[in-house]
Amino acid sequence: MSNTIAAEQIDQAAPVLDLRPVFRQAASSAWVVTATGEAGPVGFTAISVNSVSMDPPIVSFNVSGGSSSLATLGRTRRVAIHLLDRQQEPTARRFAGPRQQRFVDDGSWGYAADGLPCLAGVSARLTADISDLVPAGDSFVVLAEVSAARHAPNSGPLVHHAGSYRA
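Taking full-length UniProt numbering, I'd label the letters of the sequence shown as residues 1 to 167.
It should be emphasised that the hints constitute simulated quantities derived from the structure, not laboratory data. The model shown is predicted, which means the values in this text are computed figures rather than measured ones. C-beta atoms are modelled at their ideal positions from N, C-alpha and C, and glycine is treated no differently. One should not assume that every hint holds.
Unchecked claim - Have a look at the derived ranges for each label pair, beta carbon to beta carbon:
1) Arg-24 <-> Tyr-111: 34 to 40 Å
2) Ala-112 <-> Gln-25: 34 to 40 Å
3) Gly-163 <-> Pro-56: 33 to 39 Å
4) Val-159 <-> Ala-112: 21 to 27 Å
5) Ser-164 <-> Asn-50: 20 to 26 Å
6) Ser-64 <-> Ala-26: 28 to 34 Å
Full structure from sequences and hints, please.
Here is the structure:
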(Lines of atoms letter the chains of each structure in order from A and count residues from 1; the text may use other names and numbers.)
(Lines give C-alpha, C1' and ligand atoms only; values in the text may rest on other atoms or scores of the structure.)
Protein backbone atom coordinates (compact mmCIF):
# COMPACT_ATOMS: atom_id res chain seq x y z
CA MET A 1 0.00 0.00 0.00
CA SER A 2 1.32 3.43 -0.93
CA ASN A 3 1.22 6.59 1.17
CA THR A 4 1.06 8.71 -1.97
CA ILE A 5 -2.06 10.84 -2.33
CA ALA A 6 -3.76 10.33 -5.66
CA ALA A 7 -3.82 13.47 -7.77
CA GLU A 8 -7.59 13.20 -8.19
CA GLN A 9 -8.03 13.68 -4.41
CA ILE A 10 -6.81 17.26 -4.73
CA ASP A 11 -9.21 19.79 -6.22
CA GLN A 12 -7.49 20.56 -9.52
CA ALA A 13 -9.92 23.42 -10.24
CA ALA A 14 -8.82 25.44 -7.21
CA PRO A 15 -6.81 28.56 -8.14
CA VAL A 16 -3.17 28.02 -7.27
CA LEU A 17 -2.61 31.55 -5.90
CA ASP A 18 -5.80 31.92 -3.86
CA LEU A 19 -4.94 30.44 -0.46
CA ARG A 20 -8.14 31.58 1.26
CA PRO A 21 -10.11 28.35 0.64
CA VAL A 22 -7.21 26.33 2.00
CA PHE A 23 -6.86 28.34 5.22
CA ARG A 24 -10.63 28.47 5.77
CA GLN A 25 -10.32 24.74 6.49
CA ALA A 26 -7.94 25.38 9.40
CA ALA A 27 -9.42 26.27 12.78
CA SER A 28 -7.76 29.16 14.61
CA SER A 29 -8.26 30.78 18.00
CA ALA A 30 -9.84 34.23 17.92
CA TRP A 31 -7.80 37.04 19.50
CA VAL A 32 -8.07 40.81 19.82
CA VAL A 33 -4.90 42.90 19.70
CA THR A 34 -5.08 46.31 21.41
CA ALA A 35 -2.75 49.27 21.84
CA THR A 36 -2.93 52.85 23.07
CA GLY A 37 -2.45 55.52 20.44
CA GLU A 38 -2.20 59.30 20.57
CA ALA A 39 -5.89 59.57 19.66
CA GLY A 40 -7.01 56.79 22.02
CA PRO A 41 -7.22 53.01 21.95
CA VAL A 42 -6.89 50.92 18.79
CA GLY A 43 -7.59 47.25 18.29
CA PHE A 44 -8.51 44.54 15.82
CA THR A 45 -9.51 40.88 15.68
CA ALA A 46 -6.65 38.54 14.77
CA ILE A 47 -6.77 34.83 14.01
CA SER A 48 -3.06 34.60 13.27
CA VAL A 49 -1.52 34.72 16.76
CA ASN A 50 1.20 32.08 17.22
CA SER A 51 3.85 31.14 19.71
CA VAL A 52 7.28 31.59 18.13
CA SER A 53 9.70 31.01 21.02
CA MET A 54 9.55 30.06 24.69
CA ASP A 55 12.96 31.50 25.60
CA PRO A 56 12.63 34.38 25.19
CA PRO A 57 8.82 34.29 25.00
CA ILE A 58 7.96 35.61 21.53
CA VAL A 59 4.64 35.58 19.69
CA SER A 60 3.70 36.62 16.19
CA PHE A 61 0.55 37.93 14.56
CA ASN A 62 -0.33 39.42 11.20
CA VAL A 63 -1.79 42.83 10.50
CA SER A 64 -3.02 44.08 7.14
CA GLY A 65 -0.95 46.80 5.50
CA GLY A 66 -4.17 48.82 5.22
CA SER A 67 -5.13 48.45 8.88
CA SER A 68 -5.99 51.64 10.73
CA SER A 69 -4.06 50.20 13.71
CA LEU A 70 -0.75 49.64 11.89
CA ALA A 71 0.67 53.14 12.39
CA THR A 72 -0.09 53.01 16.12
CA LEU A 73 1.61 49.62 16.47
CA GLY A 74 4.68 51.02 14.74
CA ARG A 75 4.82 54.05 17.05
CA THR A 76 3.91 52.59 20.44
CA ARG A 77 5.60 49.18 20.01
CA ARG A 78 3.49 47.83 22.93
CA VAL A 79 0.37 45.66 22.70
CA ALA A 80 -2.09 43.61 24.72
CA ILE A 81 -3.15 40.39 23.01
CA HIS A 82 -6.43 38.90 24.26
CA LEU A 83 -7.51 35.29 23.66
CA LEU A 84 -11.28 35.53 23.39
CA ASP A 85 -13.49 33.26 25.50
CA ARG A 86 -15.98 30.98 23.76
CA GLN A 87 -18.80 33.39 24.72
CA GLN A 88 -17.18 36.42 23.05
CA GLU A 89 -18.26 36.12 19.43
CA PRO A 90 -19.85 39.61 19.61
CA THR A 91 -16.47 41.00 20.72
CA ALA A 92 -14.69 39.27 17.82
CA ARG A 93 -17.19 40.71 15.35
CA ARG A 94 -17.04 44.18 16.91
CA PHE A 95 -13.25 44.38 16.61
CA ALA A 96 -13.42 43.10 13.02
CA GLY A 97 -15.92 45.84 12.16
CA PRO A 98 -15.75 49.64 11.84
CA ARG A 99 -13.08 51.13 14.11
CA GLN A 100 -15.43 53.74 15.62
CA GLN A 101 -17.54 50.90 17.09
CA ARG A 102 -14.69 48.93 18.70
CA PHE A 103 -14.18 50.82 21.96
CA VAL A 104 -17.73 51.74 22.95
CA ASP A 105 -18.34 52.68 26.59
CA ASP A 106 -20.28 49.56 27.58
CA GLY A 107 -18.16 48.16 30.43
CA SER A 108 -16.55 45.47 28.24
CA TRP A 109 -13.11 47.09 28.38
CA GLY A 110 -10.99 49.52 30.36
CA TYR A 111 -7.37 50.54 30.76
CA ALA A 112 -5.11 48.16 32.70
CA ALA A 113 -2.38 49.39 35.06
CA ASP A 114 0.09 49.05 32.17
CA GLY A 115 -1.87 51.70 30.21
CA LEU A 116 -3.07 49.28 27.54
CA PRO A 117 -6.72 48.62 26.73
CA CYS A 118 -7.89 45.49 28.55
CA LEU A 119 -10.93 43.47 27.48
CA ALA A 120 -13.15 41.91 30.16
CA GLY A 121 -13.98 38.21 30.27
CA VAL A 122 -11.16 36.92 28.07
CA SER A 123 -9.54 33.48 28.34
CA ALA A 124 -6.03 34.96 28.41
CA ARG A 125 -4.15 38.25 28.07
CA LEU A 126 -0.57 38.76 26.96
CA THR A 127 1.33 42.02 27.27
CA ALA A 128 4.11 42.31 24.72
CA ASP A 129 6.70 44.67 23.26
CA ILE A 130 6.92 44.70 19.47
CA SER A 131 10.44 43.82 18.38
CA ASP A 132 9.87 43.74 14.63
CA LEU A 133 7.31 44.58 11.94
CA VAL A 134 8.23 42.49 8.90
CA PRO A 135 6.67 43.44 5.53
CA ALA A 136 5.06 40.35 3.99
CA GLY A 137 3.12 41.00 0.78
CA ASP A 138 -0.01 43.01 1.59
CA SER A 139 0.46 42.46 5.33
CA PHE A 140 3.01 42.74 8.11
CA VAL A 141 4.16 39.97 10.43
CA VAL A 142 4.53 41.39 13.92
CA LEU A 143 7.03 39.79 16.31
CA ALA A 144 6.52 40.69 19.96
CA GLU A 145 8.29 39.66 23.16
CA VAL A 146 5.83 38.79 25.92
CA SER A 147 6.45 40.53 29.25
CA ALA A 148 3.31 39.35 31.10
CA ALA A 149 0.78 36.55 30.67
CA ARG A 150 -2.45 35.85 32.53
CA HIS A 151 -5.06 33.20 31.85
CA ALA A 152 -8.40 31.97 33.19
CA PRO A 153 -7.85 28.25 33.82
CA ASN A 154 -11.44 27.09 33.33
CA SER A 155 -12.34 28.99 30.19
CA GLY A 156 -12.42 27.81 26.59
CA PRO A 157 -11.36 29.74 23.51
CA LEU A 158 -13.50 31.11 20.71
CA VAL A 159 -12.49 29.42 17.44
CA HIS A 160 -12.72 30.75 13.89
CA HIS A 161 -13.31 28.14 11.17
CA ALA A 162 -14.70 28.29 7.62
CA GLY A 163 -15.60 31.96 7.96
CA SER A 164 -17.56 31.68 11.20
CA TYR A 165 -16.98 31.49 14.94
CA ARG A 166 -17.51 28.38 17.08
CA ALA A 167 -17.22 27.66 20.79
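Outcome of the hint check:
1. Arg-24 <-> Tyr-111: 34 to 40 Å: At roughly 35 Å between Cβ atoms, Tyr-111 and Arg-24 fall inside 34 to 40 Å, so the hint holds.
2. Ala-112 <-> Gln-25: 34 to 40 Å: The hinted range 34 to 40 Å holds for Ala-112 and Gln-25, with Cβ atoms some 36 Å apart.
3. Gly-163 <-> Pro-56: 33 to 39 Å: Cβ of Gly-163 to Cβ of Pro-56: about 35 Å, so the range 33 to 39 Å holds.
4. Val-159 <-> Ala-112: 21 to 27 Å: 25 Å, holds
5. Ser-164 <-> Asn-50: 20 to 26 Å: 21 Å, holds
6. Ser-64 <-> Ala-26: 28 to 34 Å: For Ser-64 and Ala-26 the Cβ distance comes to about 19 Å; the hint is violated.
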